[in-house]
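If you're matching them up, the sequences are chains A and B in order.
For the first sequence, the UniProt record's numbering assigns the number 1 to the initial residue and increments by one for each residue that follows.
For the second sequence, the UniProt record's numbering assigns the number 1 to the initial residue and increments by one for each residue that follows.
Keep in mind the hints are simulated off the structure, nothing from the lab.
Check each hint, because a few of them may be wrong.
Listed below are the simulated BS3-like cross-link pairs for lysine-lysine, each with C-alpha atoms no more than 27 Å apart in a straight line [stated by the list, open to error]:
id, chain 1, residue 1, chain 2, residue 2
1, B, Lys-156, A, Lys-4
2, B, Lys-144, A, Lys-39
3, B, Lys-156, B, Lys-89
4, B, Lys-129, A, Lys-39
5, B, Lys-128, A, Lys-39
6, A, Lys-69, A, Lys-39
7, A, Lys-17, B, Lys-89
8, A, Lys-17, B, Lys-128
9, B, Lys-129, A, Lys-4
10, B, Lys-156, A, Lys-17
11, B, Lys-144, B, Lys-156
12, B, Lys-156, B, Lys-129
Cβ-to-Cβ under 10 Å is the rule here; a few derived chain A residues that face chain B [unchecked claim]:
id, residue
13, Pro-52
14, Val-54
15, Arg-56
16, Ala-71
Glycine included, each C-beta is placed from N, C-alpha and C at the ideal position.
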Amino acid sequence: MATKLIYFAWVRERIGKPEEDVELPAGIETVADLLRWLKSRGEEYENALQYPDVIRVAINQEHVGHREKIAGAREIALFPPMTGG
Amino acid sequence: MAGAVVPAIRIQREDFDVAAEIAGLTRGRADIGAVVTFSGLCRDEQGALSALELEHYPGMAEAEIGRIAIEAVERWPLQGLTVIHRHGKIAPGENIVLVVAASAHRQAAFEAANFLMDYLKSRAPFWKKEHLADGSEGGWVEAKEADDHAADRWTKQGQ
């Protein structure tokens with residue numbers, strides 16, 4: 001099943017696209033696993049996810065921590081710390 | 001619990017009218033004794049900024065502000081709550097965000113508005129990019145650690 005990944009702000013700019021559908025390989029269970037796998041997909045991902053600890057993540061439009069399981073996620077968003085308000 | 005209060009959340013490109021938003025909350029009501037508004041404006045430092053561009057996560061922006069607003073109405077006895085957050089390009093001096101909290105007494109309205117802003121800063125999915133007066137891009141505004149601490153204090157005071 002394809003999972004939709006959405007990127008915002010400088011994560012979007014560095015990866016070079018606002019979103020994509022990906023087939024997650026077996027063994028990608030948590031947000032941290034996903035970030036590690038994405039980072040290995042090419043220079044632009046490496047550049048965007050160089051410091052995974054600063055990346056904020058939302059699953060199905062709710063904030064989650066990096067230990068969260070991603071099973072059943074329809075939409076996973078990656079973005080920098082927020083600067084609204 | 002005054003559970004009947006449904007917060008009004010709007011994410012929009014257009015500007016808002018603070019007086020009209022206050023009137024919208026209080027019109028025809030005699031039970032509101034206090035209205036606190038907070039307006040956040042686009043600020044220029046030393047004439048270097050031509051605009052801020054606010055990117056947002058459509059859908060989640062409404063949902064997340066909605067969750068924060070529900071927490072506020074559960075925590076304080078509010079009689080009305082409106083939150084508006086703009087996106088797109090915003091010039092210095094223009095409005096970015098508005099919180100209007102209405103209550104019987106001032107303390108609840110002050111505290112709820114303060115809480116809303118602290119949480120909006122660190123949890124609402126918006127990102128500011130600077131456009132400089134010389135025509136160049138100034139880069140993304142960095143999140144401030146102080147904003148995270150400001151949000152934390154609402155959980156640490158153990159209400």
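Given pair status - A/Lys-4, B/Lys-129, alpha carbons within 27 Å: Holds - the C-alpha atoms of A/Lys-4 and B/Lys-129 are around 25 Å apart, at most 27 Å.
Discussion item. Check the hint pairing B/Lys-156 with B/Lys-129 against an upper bound of 27 Å on the C-alpha distance.
Written reply: 32 Å, violated
27 Å limit on alpha-carbon distance, applied to hinted pair A/Lys-17 and B/Lys-128: 18 Å, holds
(request) Hold the hint about A/Pro-52 up to the distance rule: shortest CB distance to chain B must be less than 10 Å. (result) 16 Å, violated
**Request:** Please work out if B/Lys-128 and A/Lys-39 have their alpha carbons no farther apart than 27 Å.
**Result:** With a Cα-Cα distance of about 25 Å, the restraint between B/Lys-128 and A/Lys-39 holds, given a limit of 27 Å.
Can A/Ala-71 be said to touch chain B, with a Cβ gap under 10 Å? 20 Å, violated
request  = With a cut-off of 27 Å on the C-alpha distance, tell me whether A/Lys-69 and A/Lys-39 pass.
outcome  = With Cα atoms ~18 Å apart, A/Lys-69 and A/Lys-39 stay inside 27 Å; holds.
**Message:** Hinted pair, alpha-carbon criterion (27 Å max): B/Lys-156, A/Lys-17. Please report holds or violated.
**Reply:** Cα-Cα ~39 Å, so violated.
Can we keep the A/Arg-56 interface hint, with Cβ of chain B closer than 10 Å? 8 Å, holds
Given the hint that B/Lys-144 pairs with A/Lys-39, test it: the Cα-Cα distance must not exceed 27 Å. Answer holds: B/Lys-144 to A/Lys-39 is near 26 Å, not above 27 Å.
inquiry  = Please verify whether B/Lys-144 and B/Lys-156 have alpha carbons no more than 27 Å apart.
reply    = Distance of about 19 Å is within 27 Å: holds.
Inset, instruction - Verify the interface restraint on A/Val-54: the C-beta must sit less than 10 Å from at least one C-beta of chain B. - result: At about 9 Å, which falls below the 10 Å cut-off, the nearest Cβ of chain B leaves the hint on A/Val-54 intact, so it holds.
The structure fails hints 1, 3, 10, 12, 13, 16 (numbered hints given earlier, in ascending order).
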